[in-house]
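**Q** Residue numbers (the numbering used here), protein chains in the order written: chain U, 6 to 538; chain F, 6 to 538.
Derived from the structure by calculation, the hints contain no laboratory data.
Be a bit skeptical, because a hint or two may be false.
As the list makes no split between identical chains, a pair holds if one copy fits it or if it spans any two.
As the list claims (entries may be wrong) - Lysine-lysine pairs mimicking DSBU-like chemistry, simulated, CA-CA at most 30 Å apart:
(1) Lys492 / Lys470
(2) Lys42 / Lys420
(3) Lys65 / Lys126
(4) Lys470 / Lys42
(5) Lys459 / Lys492
(6) Lys164 / Lys420
(7) Lys196 / Lys126
(8) Lys111 / Lys470
(9) Lys111 / Lys460
(10) Lys42 / Lys164
(11) Lys302 / Lys459
(12) Lys460 / Lys302
(13) Lys126 / Lys216
(14) Lys459 / Lys111
Here is how the chains run, residue by residue.
Protein chains: 2
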Amino acid sequence: MSGDKVSRPRARLPRGFRDRGAAEIVAERACLDTIRKVYESYGFEPLETPAFEYTDALGKFLPDLDRPNEGVFSLQDDDSQWMSLRYDLTAPLARYVAENFQNLPKPFRRYQVGPVWRNEKPGPGRYREFTQFDADTVGSNSPSADAELLMMTCDVLEKLGLAPGEYVIKFNTREILDGLLNELGLTELSKRITVLRALDKYDRLGERGVKALLGKGRTDESGDHTTGAGLAEEQIDQIMMLFEVGQQPSDLSFDELPDWEKQDSAYSYSSFDQKLGGFVNEVYSSRQPGALPISNKNTIALLRSWLPKTETINRACQQLEQISDIVRARHFGSKRIRFDPSIIRGLEYYTGPVFEAQLTFPVTNDAGETVVFGSVAGGGRYDDLVARFTGQQVPATGISIGVSRLLSALRSRSKPALAPLVVVLSLDDPQSSFRMAAELRAAGIRAETYVGTKKFGDQLKYADKRGASVAVIEGGDEREKGQVTLKDLALGAEMSKSIENRADWIKGRAAQVSVARGALVETVRAMLHVKGS
Amino acid sequence: MSGDKVSRPRARLPRGFRDRGAAEIVAERACLDTIRKVYESYGFEPLETPAFEYTDALGKFLPDLDRPNEGVFSLQDDDSQWMSLRYDLTAPLARYVAENFQNLPKPFRRYQVGPVWRNEKPGPGRYREFTQFDADTVGSNSPSADAELLMMTCDVLEKLGLAPGEYVIKFNTREILDGLLNELGLTELSKRITVLRALDKYDRLGERGVKALLGKGRTDESGDHTTGAGLAEEQIDQIMMLFEVGQQPSDLSFDELPDWEKQDSAYSYSSFDQKLGGFVNEVYSSRQPGALPISNKNTIALLRSWLPKTETINRACQQLEQISDIVRARHFGSKRIRFDPSIIRGLEYYTGPVFEAQLTFPVTNDAGETVVFGSVAGGGRYDDLVARFTGQQVPATGISIGVSRLLSALRSRSKPALAPLVVVLSLDDPQSSFRMAAELRAAGIRAETYVGTKKFGDQLKYADKRGASVAVIEGGDEREKGQVTLKDLALGAEMSKSIENRADWIKGRAAQVSVARGALVETVRAMLHVKGS
Numbered sequence: 006m007s008g009d010k011v012s013r014p015r016a017r018l019p020r021g022f023r024d025r026g027a028a029e030i031v032a033e034r035a036c037l038d039t040i041r042k043v044y045e046s047y048g049f050e051p052l053e054t055p056a057f058e059y060t061d062a063l064g065k066f067l068p069d070l071d072r073p074n075e076g077v078f079s080l081q082d083d084d085s086q087w088m089s090l091r092y093d094l095t096a097p098l099a100r101y102v103a104e105n106f107q108n109l110p111k112p113f114r115r116y117q118v119g120p121v122w123r124n125e126k127p128g129p130g131r132y133r134e135f136t137q138f139d140a141d142t143v144g145s146n147s148p149s150a151d152a153e154l155l156m157m158t159c160d161v162l163e164k165l166g167l168a169p170g171e172y173v174i175k176f177n178t179r180e181i182l183d184g185l186l187n188e189l190g191l192t193e194l195s196k197r198i199t200v201l202r203a204l205d206k207y208d209r210l211g212e213r214g215v216k217a218l219l220g221k222g223r224t225d226e227s228g229d230h231t232t233g234a235g236l237a238e239e240q241i242d243q244i245m246m247l248f249e250v251g252q253q254p255s256d257l258s259f260d261e262l263p264d265w266e267k268q269d270s271a272y273s274y275s276s277f278d279q280k281l282g283g284f285v286n287e288v289y290s291s292r293q294p295g296a297l298p299i300s301n302k303n304t305i306a307l308l309r310s311w312l313p314k315t316e317t318i319n320r321a322c323q324q325l326e327q328i329s330d331i332v333r334a335r336h337f338g339s340k341r342i343r344f345d346p347s348i349i350r351g352l353e354y355y356t357g358p359v360f361e362a363q364l365t366f367p368v369t370n371d372a373g374e375t376v377v378f379g380s381v382a383g384g385g386r387y388d389d390l391v392a393r394f395t396g397q398q399v400p401a402t403g404i405s406i407g408v409s410r411l412l413s414a415l416r417s418r419s420k421p422a423l424a425p426l427v428v429v430l431s432l433d434d435p436q437s438s439f440r441m442a443a444e445l446r447a448a449g450i451r452a453e454t455y456v457g458t459k460k461f462g463d464q465l466k467y468a469d470k471r472g473a474s475v476a477v478i479e480g481g482d483e484r485e486k487g488q489v490t491l492k493d494l495a496l497g498a499e500m501s502k503s504i505e506n507r508a509d510w511i512k513g514r515a516a517q518v519s520v521a522r523g524a525l526v527e528t529v530r531a532m533l534h535v536k537g538s
Numbered sequence: 006m007s008g009d010k011v012s013r014p015r016a017r018l019p020r021g022f023r024d025r026g027a028a029e030i031v032a033e034r035a036c037l038d039t040i041r042k043v044y045e046s047y048g049f050e051p052l053e054t055p056a057f058e059y060t061d062a063l064g065k066f067l068p069d070l071d072r073p074n075e076g077v078f079s080l081q082d083d084d085s086q087w088m089s090l091r092y093d094l095t096a097p098l099a100r101y102v103a104e105n106f107q108n109l110p111k112p113f114r115r116y117q118v119g120p121v122w123r124n125e126k127p128g129p130g131r132y133r134e135f136t137q138f139d140a141d142t143v144g145s146n147s148p149s150a151d152a153e154l155l156m157m158t159c160d161v162l163e164k165l166g167l168a169p170g171e172y173v174i175k176f177n178t179r180e181i182l183d184g185l186l187n188e189l190g191l192t193e194l195s196k197r198i199t200v201l202r203a204l205d206k207y208d209r210l211g212e213r214g215v216k217a218l219l220g221k222g223r224t225d226e227s228g229d230h231t232t233g234a235g236l237a238e239e240q241i242d243q244i245m246m247l248f249e250v251g252q253q254p255s256d257l258s259f260d261e262l263p264d265w266e267k268q269d270s271a272y273s274y275s276s277f278d279q280k281l282g283g284f285v286n287e288v289y290s291s292r293q294p295g296a297l298p299i300s301n302k303n304t305i306a307l308l309r310s311w312l313p314k315t316e317t318i319n320r321a322c323q324q325l326e327q328i329s330d331i332v333r334a335r336h337f338g339s340k341r342i343r344f345d346p347s348i349i350r351g352l353e354y355y356t357g358p359v360f361e362a363q364l365t366f367p368v369t370n371d372a373g374e375t376v377v378f379g380s381v382a383g384g385g386r387y388d389d390l391v392a393r394f395t396g397q398q399v400p401a402t403g404i405s406i407g408v409s410r411l412l413s414a415l416r417s418r419s420k421p422a423l424a425p426l427v428v429v430l431s432l433d434d435p436q437s438s439f440r441m442a443a444e445l446r447a448a449g450i451r452a453e454t455y456v457g458t459k460k461f462g463d464q465l466k467y468a469d470k471r472g473a474s475v476a477v478i479e480g481g482d483e484r485e486k487g488q489v490t491l492k493d494l495a496l497g498a499e500m501s502k503s504i505e506n507r508a509d510w511i512k513g514r515a516a517q518v519s520v521a522r523g524a525l526v527e528t529v530r531a532m533l534h535v536k537g538s
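Using the sequences and the accompanying hints, generate a full structural model.
**A** Put into structure tokens, the structure is as follows:
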């Protein structure tokens with residue numbers, strides 16, 4: 006009852022999608038377990054929303070999307086309503102909170118892990134399906150909630166094996182930029198969004214590219230032109246100043262030490278100070294000009310001294326100070342959690358503090374080349390997202406870990422793997438083979454019975470290809486004698502490299518032993534142990 | 006920079022989709038971990054294919070679909086190619102194997118877990134997104150491969166807490182029906198598919214309904230008419246005989262006992278025997294008519310004696326016997342793994358053995374009503390699915406566990422839960438609260454800092470609503486004295502039910518203690534321990 010075979014489909018994946026094998030899945034599982042344990046230990050509980058949401062419920066918040074539905078995968082349900090696959094886990098959370106607000110504890114703290122889909126142009130290493138792991142606190146406008154997410158992310162990254170200094174979690178608040186744009190007279194929403202997106206491209210386009218996008222526009226290598234925000238040069242210079250502060254060298258952070266304030270330091274804000282015309286000197290006149298130790302508190306103070314004194318900016322700086330104080334009290338200094346006013350985040354819905362976790366060590370790609378690695382986690386406060394549905398503001402803040410990106414960066418470091426495998430060959434008595442595999446499994450050993458062709462050679466080749474550690478062989482003669490042969494495949498493979506004379510050949514025999522059938526489990530256990538597993 | 010608020014979307018989920026909360030997710034995670042461990046112990050390794058496949062690669066194998074794309078969610082990529090969300094995990098596996106055949110070990114054994122999507126009419130308890138957990142062996146035509154899946158599924162279900170007899174895994178082969186239809190002269194493919202689908206509805210429609218679908222057709226309660234296969238009454242009777250054999254009572258299985266053959270038995274195939282006109286007597290003349298103990302071997306033998314003697318049926322029966330012998334050798338008797346010739350499975354692509362796991366205990370729904378519970382796992386052999394792509398047959402067999410269904414059936418049995426939670430209130434010194442929570446976490450206790458409003462009442466209410474076991478309270482006075490108050494919320498809640506006199510009130514005080522700040526962790530640990538966690 007099989008289908009017709011006249012025209013055959015080609016076996017291939019849609020563009021931008023990929024299959025993943027055991028090594029990557031096992032590594033991801035270990036990573037997800039670690040994140041989950043940290044999130045749960047902080048009191049976040051799991052929630053799962055479905056893959057689909059109504060398109061209007063998701064909203065359009067992806068960067069670089071001017072046309073409706075671009076960026077998301079959408080289709081019409083049979084009642085003609087448009088549904089879309091989620092492009093992140095935040096928009097569905099806002100829908101969930103709006104729908105269930107009355108019954109939720111306040112604040113509501115949940116985590117969610119799962120795939121998200123982006124209908125974007127695929128490219129090398131750029132997939133249209135990837136895993137995110139989010140934690141959000143909904144219903145609190147306290148900077149405590151933001152600060153906690155920063156600390157929790159540090160805990161996650163360190164539990165994943167990163168040392169402080171191998172990553173840095175940067176924070177800022179959108180309200181700094183908001184206040185600055187207000188002062189520069191840029192009130193038009195569409196223009197503000199253009200500025201926002203231009204700034205978010207700093208990592209990719211650098212100072213020159215961003216300046217072009219803030220001004221007259223930019224033509225890329227392929228000849229595509231992006232219209233700029235049309236700002237005046239002076240306005241551009243003011244905004245670009247935010248990046249000066251962000252450019253502290255990453256190894257110049259002393260305030261991990263509880264007594265950092267006592268440290269003398271030659272490190273300084275000198276570049277920033279120079280640009281600002283000696284602000285450090287003015288503000289901290291008791292210190293040597295430009296030689297103030299770097300700390301979040303100092304950076305915030307310096308920026309504040311330079312920024313316009315408006316209500317928005319004042320409130321923003323107070324929030325930044327509160328966040329800074331809380332993380333400082335738990336000894337998370339600027340080496341791990343750093344204020345950086347150039348952090349913007351591309352998503353439009355952020356309203357306050359924004360965060361971004363970056364790796365500071367060189368990451369190599371599949372080709373062994375060192376690549377510039379962007380953020381592995383990001384998030385921020387989105388106080389208006391629930392109000393989209395209800396009209397009532399519900400403050401909320403969250404962070405999302407890009408698991409796929411993080412994993413590819415950590416690939417060279419830890420390699421969680423499946424337990425060693427034993428393959429029981431199946432020669433003339435499959436029932437006996439199944440019994441042996443079952444005995445091994447009962448002893449906690451991963452063991453499979455070969456279920457393919459009857460050829461001995463195929464079976465051994467299979468065990469090799471599977472990377473099995475031990476092959477169990479029971480021929481008819483052996484069974485009669487109550488014996489079974491165990492082949493140590495890992496050892497055998499190693500020895501076969503150097504079989505050049507008889508002495509080696511004799512050693513090679515040690516990779517294979519015959520034992521009593523009753524000694525199967527204990528012998529296999531010993532063989533696996535010998536190899537340190 | 007929030008969006009406009011003129012017209013607000015309504016917060017609601019698309020039809021047929023649902024959100025899932027912590028209790029269900031934690032239970033599912035425990036379930037998936039168990040299945041994964043069993044599958045891995047048998048040597049199956051994980052594979053993940055993406056959510057999308059090209060529509061032509063998925064094929065159209067869903068039951069009850071006469072129109073193209075019905076049953077699946079499909080959309081056009083920007084290069085106009087049609088993509089669909091996977092409706093199962095088997096079709097993507099066939100695509101994967103066809104694409105990567107050269108590099109795979111043979112047989113190739115993989116498991117995959119993940120959501121699948123069906124574009125079906127939603128109904129109560131019937132969702133359009135659900136989780137499947139599949140294991141497949143590709144590249145082996147040996148009945149060993151089928152038998153192994155049956156035994157592995159037993160292991161899974163028993164590791165999940167089911168006792169033998171609380172479930173039964175039934176097996177059959179499509180070739181029995183194929184052979185029978187050949188003999189009845191029903192060679193037309195579309196007619197055969199109609200018969201297949203009619204038989205697969207036996208559980209839902211019963212004998213009468215199936216007979217109608219095999220004959221002139223059936224009009225359901227809503228007045229909808231389904232055209233029948235148009236078979237003659239005699240043909241229908243022949244086919245329906247398969248169901249007679251399947252109706253052994255589930256508690257009449259003796260061959261779990263290694264020495265079953267010695268057992269005398271009053272149980273019998275009498276109903277079947279009667280219909281067949283004394284076949285048992287004829288075939289097993291040495292025994293009392295109709296009093297043959299029930300076993301897979303006997304059932305297969307009886308059926309074989311009755312079925313037409315064709316090559317297809319002969320081969321089918323041999324396969325069934327081989328499967329039966331292998332599982333029997335590992336003491337999986339017909340109480341756990343049972344031959345039942347009425348098992349058909351709705352999917353069109355099966356070519357040989359088919360399997361179905363059923364629960365035999367009464368399952369209650371949310372309303373407390375006992376419901377008839379269908380299969381929780383199913384699968385079979387699909388030797389032609391890879392050939393759809395390559396033209397070359399690659400034998401394959403697999404089983405899929407319907408995790409969502411299985412979980413809802415097991416709901417009343419085991420309740421894996423998150424570890425008990427401690428909420429640290431945050432009154433006037435959030436930094437101190439964060440430190441306390443961090444200390445508790447470092448001791449392995451799930452502890453969160455309250456990050457919402459400053460009101461004491463709100464905070465306690467929150468801890469209650471979250472189901473926290475202990476609340477940690479540190480007011481300004483207490484901090485000065487170096488103390489902290491611990492409220493045992495679980496104990497307090499229990500006591501508050503019976504506070505009627507002063508004595509009770511005094512006991513109630515025990516639910517709250519003040520201890521030295523340095524004794525925080527050890528006291529909380531003791532409080533959690535007291536409650537047996």
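**Q** Does each hint fit the structure? Answer for all of them.
**A** Hint check:
1. Lys492 / Lys470: Only inside one copy: Lys492 and Lys470 sit 15 Å apart there, 59 Å across copies, limit 30 Å.
2. Lys42 / Lys420: both (19 Å within a copy, 19 Å between copies)
3. Lys65 / Lys126: The answer is both: 18 Å in one copy and 28 Å across copies each meet 30 Å.
4. Lys470 / Lys42: between (35 Å within a copy, 22 Å between copies)
5. Lys459 / Lys492: For Lys459 and Lys492, only the intra-copy Cα distance (18 Å) is at most 30 Å; the inter-copy one is 67 Å.
6. Lys164 / Lys420: Both: 15 Å inside a copy, 28 Å across copies.
7. Lys196 / Lys126: Answer is within; shortest intra-copy Cα gap is 25 Å, inter-copy 45 Å.
8. Lys111 / Lys470: Answer is between: at 9 Å across copies they meet the 30 Å cutoff, but 54 Å inside does not.
9. Lys111 / Lys460: For Lys111 and Lys460, only the inter-copy Cα distance (12 Å) is at most 30 Å; the intra-copy one is 65 Å.
10. Lys42 / Lys164: both (10 Å within a copy, 24 Å between copies)
11. Lys302 / Lys459: Between copies, since 25 Å is at most 30 Å while 72 Å is not.
12. Lys460 / Lys302: between (72 Å within a copy, 29 Å between copies)
13. Lys126 / Lys216: Within one copy only: 25 Å inside, 53 Å across.
14. Lys459 / Lys111: Between copies only: 12 Å across chains, 64 Å inside a chain, cut-off 30 Å.
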